[in-house]
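S.K.: Listed below, chain by chain, are the residues.
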Amino acid sequence: MKKELRLMKGNEAIAEAAIRAGCDGYFGYPITPQSEVLEYLMAEKPHERTGMVVLQAESEVASINMVYGGAACGKKVMTSSSSPGISLMQEGLSYIAGAELPCLVVNVVRGGPGLGTIQPSQSDYFQAVKGGGHGDYKLIVLAPSSVQEMYDFVGLAFELAFKYRNPAMILSDGAIGQMMEKVELDDPRPRWTDEEIVRISPWATTGKPAGRERNIITSLELDPAKQEKLNLKLQEKYRKLEKEEQRFEKFFCDDAEYAFMAFGTSSRICLKAIQLARAKGIRVGMLRPITLYPFPVDAVKEMAGKVRGILVVEMNAGQMIEDVRMIVEGKVKVEHYGRFGGIIPSPEEVELALEQIIIGG
Amino acid sequence: MTEEIIIAGFGGQGVLSMGKILAYSGIMQDQEVSWMPSYGPEMRGGTANVTVILSDERISSPILTSYDTAIILNQQSMDKFEPTVKPGGLLLYDPNGILRHPERKDINIYRINANQEAVRIGLTKIFNMIVLGGFLSIKPLVKFENVILGLKKSLPDRYHHLIPDNEKAIRRGFEIVEPVNVLNR
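Order-wise, the sequence lines are chains A and B.
Mapped onto this note's numbering, the consecutive letters of the first sequence carry residue numbers 1 to 361.
Mapped onto this note's numbering, the consecutive letters of the second sequence carry residue numbers 1 to 185.
Just chain B, same shape as in the assembly (with noise of 0.2 Å):
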């Protein structure tokens, strides 16, 4: 099994933290993983995009042109990436702030409002682990104790009393993630 996935979005969303989550549950079952931001100038601008991926053999090039599934937050890597998921891969996106949602016929496509949801319970601040939720639930690649391993590896011993919350927006992400485009096996 090898997983090649793209999530982006704006800086401050949580991008990276997700990313770097995903990869730590990875480690915790033994996966080999990569984590590969993009950094620098295009950061500055505004957007921030992680390739993450989970493999259980070596993983080849860390920086990759198409992806098994992309996970968009924000319109401009919604235009960027959506041409990059591979046929029959996965586009999760968030619909807030989306003008254009994704057309194609050939992928998955789910959406989640996580942004909404993560307003609606008050914890604005860990939306990206609604949308996490939501992505382990179409595609179940981590363990859900991993995950939480992963999240106690990932973050600081002063964020830890969070972890409960942040396992309720995982939680959360699971049950509101809604299909738009399925395709049949």
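One chain only, chain A, in its complex shape (with noise of 0.2 Å):
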């Protein structure tokens, strides 16, 4: 049978997602450009549809908490914001990633420092790869670029999460959370049971049978020795999730001489950029990273070995390079083009600027 097709937005889909992916509750308080999550799902009233709680929190440190609450007895639960709450977030975080709960969170970037702007950006990216809280923790970031990837990676997100026992991040922008497309929706999965919950988390804090010893979700571990065999297990989830879950999408990489690397939005207007510059005879190809953590580290080098010139681009003022730059050790040339301040770069600058600063500097 034909799936439902629908016109939404990307936080709208975010939303109608989380319902469908059986999601058990969502914990959020408003902030553009994300606000339409919060506001769609309680329109939606997914209490009557799947018993889905849906709360506005007093604050985003309290909707975080919520979160670790709910990960903590093994319901699939999520929480999105913009980039200031996101950075109010951040402790929650570092906990539920100590505590090695699932969750998701949604960040619908906006442009900081500060409160900044409304206005799109990916100056989130170091927040979102490099820990962002306190202590050596990572989470898995996934950057959609289209109100169907805003759909699909909740499902994604979640899948991930509960098989690392690790928060997941979507780290989205204020143009996808605010722009329309098509979304092609699929039948709704309906929410753990009790005893799914049991048997696919057993780790929960469901209830203590007679059976077997309690179980306890906590961060906190002060023996030295524990602490370090904590760390470095979760170490060796990291490098696992390094191993298997890399994922990137190529455009014209066959005989491209040089590359764009952009993520999200960025890599929209690159794709745009990539057909003026071939209009113009110019091989230039794309690698876009889908997760941002794990960096898709073979797909960038193996590019590295074929082009002559590789040209990031970002909504920010230099992030995601350093990644690359450090994959790349040198080996081809590899700059910068980015706008920052809520500004998004059109795509005849941005083929500009691989004239100018790749194949011309």
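What the hints contain is simulated information worked out from the structure, not anything from laboratory work.
A virtual CB, placed ideally from N, CA and C, is assigned to each residue, including glycine.
Mixed in with the good hints there might be a few duds.
To be verified - Calculated cross-link-like contacts (lysine-lysine; reagent style BS3-like; alpha-carbon spacing at most 27 Å): (1) Lys3(A) / Lys152(B); (2) Lys152(B) / Lys45(A); (3) Lys105(B) / Lys2(A); (4) Lys153(B) / Lys2(A); (5) Lys143(B) / Lys3(A); (6) Lys143(B) / Lys2(A); (7) Lys125(B) / Lys105(B); (8) Lys86(B) / Lys3(A); (9) Lys229(A) / Lys163(A); (10) Lys45(A) / Lys86(B); (11) Lys153(B) / Lys280(A); (12) Lys226(A) / Lys208(A); (13) Lys237(A) / Lys226(A).
Said to hold, decoys possible - Interface residues of chain B toward chain A, partial, derived using beta-carbon atoms under 10 Å: (14) Met28; (15) Asp30; (16) Trp35; (17) Met36; (18) Arg58; (19) Ile59; (20) Gly97; (21) Leu99.
Could you fit the two chains together into a complex? Lean on the hints.
M.R.: Right, dumping it as structure tokens:
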């Protein structure tokens, strides 16, 4: 049967996807440009559709700690916010990562620093992929570039989060949050029953039966030897993620002499810039990371061996480029082109930047 | 086929909803679509615009600086977007409130007195559908039946009784659009 098609905003797609993914709870606090997530959920009354709880918390700090509590019980829980709100959540995220709990946090990024602007930006890359909060931890970070992917990545994020017992983040931006595109909806999955939760997440605090020890969820361990062991276990998990979960998409790479690297909205602009450049006879392709953590290291290495130069295009002052340069190790020229403060670069200026910075530079 | 469209005017003229209905109509005939509004501070200043792309292929950038079609409903938008129409492209405008009319010779220019007509036929709230009708008569990108399906999809159920009026407004737009500068093909 043909699937249902809808014209949706990215933020609405996140919300509908959550309901259909069998999410148990959403806890959030409004902030532009992602308020439609909470608005859509409130209007849809998912407690009537699936029993999902939707709650406007008193702050972002409260939201993330409600997520912490829900996740500890093995529930599929999430929150969403935009940059300043995500900054407020960092302590909670570090605790959740330390306690090895699955959850989803959506960041619809706006320009910073500080209150910044409500316009789109990608300036939270470092915060998302390098930890953000304190301690040696990683989030699984997915970067959608379309409204369909906003929808699809909710399910994927929960899947990965539970597979690795690790918080996952969808790193989007105001443009993808606010724009509407065609979305193919899949059939709703029911929420997990209590029995399923016990089976899927035997570590969860679901009430102690007679047959097993207590399940304890904490990020605190004062014995350094034990704490180091916990850290080593986390690192082992991150290495497994890095080995098994790198995701990316390639465009026009077969004959490419040059390459763009861009994620999210920037990758859409680069795709148009590729058309403009190819019309002029410039053979340029693109590598778009889908997982920002784990970063698609192998694909970058492979591409670096084939092209003469890489232009990293980001709506920030140069963040992902640090990872690209570390992987490329100077073997090929890697430069940055960025706009920030809420400015979205035009395809024409990106194409020109390729000519000036990479080809002519 | 890829058509890149900017629709621009005042907030309240139905610029965003016209774009939404157009985009939904595209979905109804299996096209790829994107709808990217201006949001934030400039909306509060009174102007609103939306970039709509209809395509048979995967859509690249949802944000553009030049367009195949500009649908312009106020002077500020005329000043801003007349220069952004691609040579050979289309500019459709409502002359109501326009002091400086478009002057380019390298684009197709059409005029539609939609505001006036909407008052005359008593459908002021769906003035935007008259404009949409005018656009579709020049560039029939989406089939009329798909526009009606698109309307049904984009309007909440409680407004479905207004669909016949919308249909009437679109058909009226077909009739009253006038050429100003038409390039030889």
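S.K.: Taking the hints in turn, state whether each one holds.
M.R.: Going through the hints against the structure:
A distance of roughly 18 Å separates the Cα atoms of lysine 3(A) and lysine 152(B); the hinted pair therefore holds under the 27 Å criterion. This hinted pair checks out: lysine 152(B) and lysine 45(A) have alpha carbons roughly 22 Å apart, not beyond 27 Å. Distance hint between lysine 105(B) and lysine 2(A) is unfulfilled; the C-alpha atoms sit about 46 Å from each other, more than 27 Å. With a CA separation close to 17 Å, the supplied pair lysine 153(B) and lysine 2(A) stays within the 27 Å bound.
For the suggested pair lysine 143(B) and lysine 3(A), the alpha carbons sit about 22 Å apart, so the restraint of at most 27 Å is met. For the given pair, lysine 143(B) sits about 21 Å from lysine 2(A) by alpha-carbon distance, which is consistent with the 27 Å threshold. Proximity of lysine 125(B) to lysine 105(B) is assessed by CA-CA distance (about 33 Å); at most 27 Å being required, the pair is judged violated. For the suggested pair lysine 86(B) and lysine 3(A), the alpha carbons sit about 36 Å apart, so the restraint of at most 27 Å is broken.
For the hint linking lysine 229(A) to lysine 163(A), the alpha-carbon distance of about 21 Å falls within 27 Å, and the restraint holds. This hinted pair does not check out: lysine 45(A) and lysine 86(B) have alpha carbons roughly 45 Å apart, beyond 27 Å. Taking the CA atoms of lysine 153(B) and lysine 280(A), the gap is near 41 Å; set against the 27 Å cutoff, the hint is violated. For the hint pairing lysine 226(A) with lysine 208(A), the CA-to-CA distance comes to about 24 Å; that is within 27 Å, so the pair holds.
Between lysine 237(A) and lysine 226(A) the CA atoms are separated by roughly 17 Å; this keeps the pair inside 27 Å, and the hint holds. Checking methionine 28(B) against chain A: minimum C-beta separation of about 9 Å stays under 10 Å; hint holds. The closest approach between the C-beta of aspartate 30(B) and any C-beta of chain A is roughly 9 Å, which is under the 10 Å cut-off, so the hint is satisfied. The interface hint given for tryptophan 35(B) holds, since its Cβ lies 4 Å from the closest Cβ of chain A, which is under the 10 Å cut-off.
A cut of 10 Å between beta carbons decides the hint on methionine 36(B): the least distance to chain A is about 4 Å, and the hint holds. The criterion of a C-beta within 10 Å of any C-beta in chain A is met by arginine 58(B), whose closest approach is roughly 8 Å, and the hint holds. Of the supplied interface hints, the one on isoleucine 59(B) holds, with its beta-carbon coming within about 8 Å of a beta-carbon of chain A, less than 10 Å. About 27 Å separates the beta-carbon of glycine 97(B) from the nearest beta-carbon of chain A, more than 10 Å, and the hint is not met.
Using the Cβ-Cβ criterion of 10 Å, the hint placing leucine 99(B) at the interface with chain A is not satisfied: the shortest such distance is roughly 29 Å.
Consistency with the previously given hints fails for numbers 3, 7, 8, 10, 11, 20 and 21, ordered from lowest to highest.
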